[in-house]
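Take a look at the letters that make up each chain.
There are 2 protein chains.
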Amino acid sequence: MDREKFFKDLSIKNGKKIILLIMDGVGGIPYNGKTALEAAEAKNLNELAKKSSCGRTVPVAIGVTPGSGPAHFSLFGYDPIKYNVGRGILEALGIDVEVAKHDVVARGNFCTIDDNKIVTDRRAGRIPTEKNREIIKLLSENIKEIDGVKITLYSGKEHRFVLKMAHPELSDKITDADPQKEGLPLKYPEPKISGEKEAFTIKIIKKFMDKAVEILKDSHPANGLLLRGFAEYPKIPSMQEIFKLNPAAIANYPMYRGLAKLVGMNVLEVGAEIDDEIETLKREWNNYDYFFVHIKKTDSYGEDGNFENKVKIIKKVDEILPEILSLKPDVIAVTGDHSTPCKMEGHSWHPNPFMIFSDYIIPDAVEKFTERECAKGILGTFNSTDILPLLLANSFKLKKFGA
Amino acid sequence: MDREKFFKDLSIKNGKKIILLIMDGVGGIPYNGKTALEAAEAKNLNELAKKSSCGRTVPVAIGVTPGSGPAHFSLFGYDPIKYNVGRGILEALGIDVEVAKHDVVARGNFCTIDDNKIVTDRRAGRIPTEKNREIIKLLSENIKEIDGVKITLYSGKEHRFVLKMAHPELSDKITDADPQKEGLPLKYPEPKISGEKEAFTIKIIKKFMDKAVEILKDSHPANGLLLRGFAEYPKIPSMQEIFKLNPAAIANYPMYRGLAKLVGMNVLEVGAEIDDEIETLKREWNNYDYFFVHIKKTDSYGEDGNFENKVKIIKKVDEILPEILSLKPDVIAVTGDHSTPCKMEGHSWHPNPFMIFSDYIIPDAVEKFTERECAKGILGTFNSTDILPLLLANSFKLKKFGA
Chain A
9 MDREKFFKDL
19 SIKNGKKIIL
29 LIMDGVGGIP
39 YNGKTALEAA
49 EAKNLNELAK
59 KSSCGRTVPV
69 AIGVTPGSGP
79 AHFSLFGYDP
89 IKYNVGRGIL
99 EALGIDVEVA
109 KHDVVARGNF
119 CTIDDNKIVT
129 DRRAGRIPTE
139 KNREIIKLLS
149 ENIKEIDGVK
159 ITLYSGKEHR
169 FVLKMAHPEL
179 SDKITDADPQ
189 KEGLPLKYPE
199 PKISGEKEAF
209 TIKIIKKFMD
219 KAVEILKDSH
229 PANGLLLRGF
239 AEYPKIPSMQ
249 EIFKLNPAAI
259 ANYPMYRGLA
269 KLVGMNVLEV
279 GAEIDDEIET
289 LKREWNNYDY
299 FFVHIKKTDS
309 YGEDGNFENK
319 VKIIKKVDEI
329 LPEILSLKPD
339 VIAVTGDHST
349 PCKMEGHSWH
359 PNPFMIFSDY
369 IIPDAVEKFT
379 ERECAKGILG
389 TFNSTDILPL
399 LLANSFKLKK
409 FGA
Chain B
9 MDREKFFKDL
19 SIKNGKKIIL
29 LIMDGVGGIP
39 YNGKTALEAA
49 EAKNLNELAK
59 KSSCGRTVPV
69 AIGVTPGSGP
79 AHFSLFGYDP
89 IKYNVGRGIL
99 EALGIDVEVA
109 KHDVVARGNF
119 CTIDDNKIVT
129 DRRAGRIPTE
139 KNREIIKLLS
149 ENIKEIDGVK
159 ITLYSGKEHR
169 FVLKMAHPEL
179 SDKITDADPQ
189 KEGLPLKYPE
199 PKISGEKEAF
209 TIKIIKKFMD
219 KAVEILKDSH
229 PANGLLLRGF
239 AEYPKIPSMQ
249 EIFKLNPAAI
259 ANYPMYRGLA
269 KLVGMNVLEV
279 GAEIDDEIET
289 LKREWNNYDY
299 FFVHIKKTDS
309 YGEDGNFENK
319 VKIIKKVDEI
329 LPEILSLKPD
339 VIAVTGDHST
349 PCKMEGHSWH
359 PNPFMIFSDY
369 IIPDAVEKFT
379 ERECAKGILG
389 TFNSTDILPL
399 LLANSFKLKK
409 FGA
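For the protein sequence lines, the chains are A and B, in the order given.
Each residue of the first sequence is one higher than the one before, starting from 9 at the first, in this note's numbering.
Each residue of the second sequence is one higher than the one before, starting from 9 at the first, in this note's numbering.
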């Protein structure tokens, strides 16, 4: 089944409104006996669960822990394996770099090399971010273009940076410029397929690397560089095109704004706090028919193993839920992109608790919006890619298939 | 996985007997708090549910509302997207038109045209069915054949009719003969692919349309015609071939008799009532090993939004269930093809309640044959295409796969 063609044929536009409320990494496993959702005793979320159809969503496949990219592509209705965008793109999106058609981006590390260009520290002693900015400024002033290819550099944290090259004849079908371990010399990329674009791209990168090393010769420990995850701007049919939606993203972290943009969402102006996101939702309510609302900090505190603060963020979302519901969306779903158990201090493979509410759902026996309660829900366990079809169905945005 | 080859290799013939009891559109969503199945308190269905393995079945895909065609192909074990038969075929089956190899059928509308052949009413003022019959008689008497192609016309309701053309050199790879909206002139079909068959088919249809308009010149408001959904007789491997069954269909509505015939079922003589269907089942019990028993009116009353009568039909089925069980089938499954909630007055995407009983199932904790109870069943939520393999397994008609 060609999923995109299938839904493109079935989807229609109407005035009904959808909210997808994502608490990033909200799911977890017990930590002293309770998950963060269980400990939060979130009154409004639980009230909504009582009226909703509930279940559990699998982001990519059973047992598979997804990164933010695949987890969100699933949420947006796209096959996360087909659209596994390059790491360079996600790194760029994560520091708010605009990536466009004809751009190739890579994530870079400053590293330490000796006189024979042997890599002695792949992270250049994790130089302070301040120092990183100085070096990027120096390089940017000295390298603006190579053989007609525009070069732009962006500072990340500590030793990390992003390289962006702009030219219509570039390719991302090249290997990492990275010897993989210390004790080996700096390495140029190699073509993955043999073609003119690949040869041209590699020529540019060699010149760039040589020039950069020359400029950095007195910048020890950050006197060398590694480049990884070369990636072109991915060609992804938009949500407008496939699902006929006029979608908006409300997210205050660059990575998620970037992911939303990749599928054609209108990324709205928003402040840094959860309250700001709700403010934006209210302000823009009349302008779009699909709102992706992204809460980041459930994931951040999960990654930190900070159970108490993860619970606090859930309570904060619980507090603002009535304001969201007061907009009277035709359908609302609440879930996570993936689980981030505090006990594991990282993403995990555990399915997300899920609930959907509209005038056309069957309320089930679930009493609380938690991992273990939602597992009793009428929807069972299903793939996150099926969330969007469910949202469209409940807002009458899918025609009947066949007669 | 080539599903058809897979099951063709595994399936075997034996004497065991299967009943698939379909209550069309039986599933629903609450209507004043209860679904029709919940309101029916169907004693015998609930008794069977207690002894059965239960679950929920998804006809095509999560969120997708199926028409009767795809919903039944799934029930019969076929991929409903691969075998999405043309609208013309279903329209023909719906009014009991025999469609055979080398036939191309289309559904037609009589419409109103002005002197310049501009369509002014796409439905010819919804002429009475009586009038339709007169016009079809007139046309049939005057157009029997065009350039060796046999032409047959069948009256539908109001302004609708079916055109059947019979000739080995016809194609259905042509567009609708339909300007789509009023204010535009009558339109001939165009080829979707460029070939001799398409050119020949279009030549015939042009001549037919011109001739018909000439004949209808005094039949205002039904003085023009639109033709849509051209479709050849679909090539579908039979249930005999793939599943080694000797299948029978007991259905008293033309569309379902037609669908069953498309997959090779023997369509049995039957009266108009549910009791007649049970009579036929008993009479033919020794002659087949698979019985598709189709109850139409759960869907009809769902479409009408007539909750009370939908409940009555469920009670009627409940009443005759013991007679069915008294035949002692080796395996029986009860479900719907798709849901038809009274609240929505139409098909919906909600999965069907499902139960299967044999000597080899695991009874679960489900107490009632309802949407919400079956959701707690041991089978979980699965695709309708997997019902047939389950029926075959429970009647020992599938060999072990691999050693």
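Hints are not guaranteed to be accurate.
Identical chains share a label here; the pair holds if one copy fits it or two copies do between them.
Unchecked claim - Result set (BS3-like, lysine-lysine): computed pairs, CA atoms no more than 30 angstroms apart in a straight line:
(1) K24 with K351
(2) K200 with K243
(3) K195 with K408
(4) K290 with K211
(5) K351 with K125
(6) K225 with K90
(7) K408 with K165
(8) K324 with K158
(9) K21 with K351
In short, the hints are calculated from the structure, not lab data.
Just so you know, these numbers come straight off a predicted model, no measurement behind them.
Now for the hints, and whether the structure bears them out:
no., hint, in the structure
1, K24 with K351, "between (40 angstroms within a copy, 18 angstroms between copies)"
2, K200 with K243, "both (19 angstroms within a copy, 28 angstroms between copies)"
3, K195 with K408, "between (56 angstroms within a copy, 26 angstroms between copies)"
4, K290 with K211, "neither (50 angstroms within a copy, 59 angstroms between copies)"
5, K351 with K125, "neither (41 angstroms within a copy, 73 angstroms between copies)"
6, K225 with K90, "neither (42 angstroms within a copy, 56 angstroms between copies)"
7, K408 with K165, "between (50 angstroms within a copy, 22 angstroms between copies)"
8, K324 with K158, "neither (45 angstroms within a copy, 73 angstroms between copies)"
9, K21 with K351, "between (43 angstroms within a copy, 22 angstroms between copies)"
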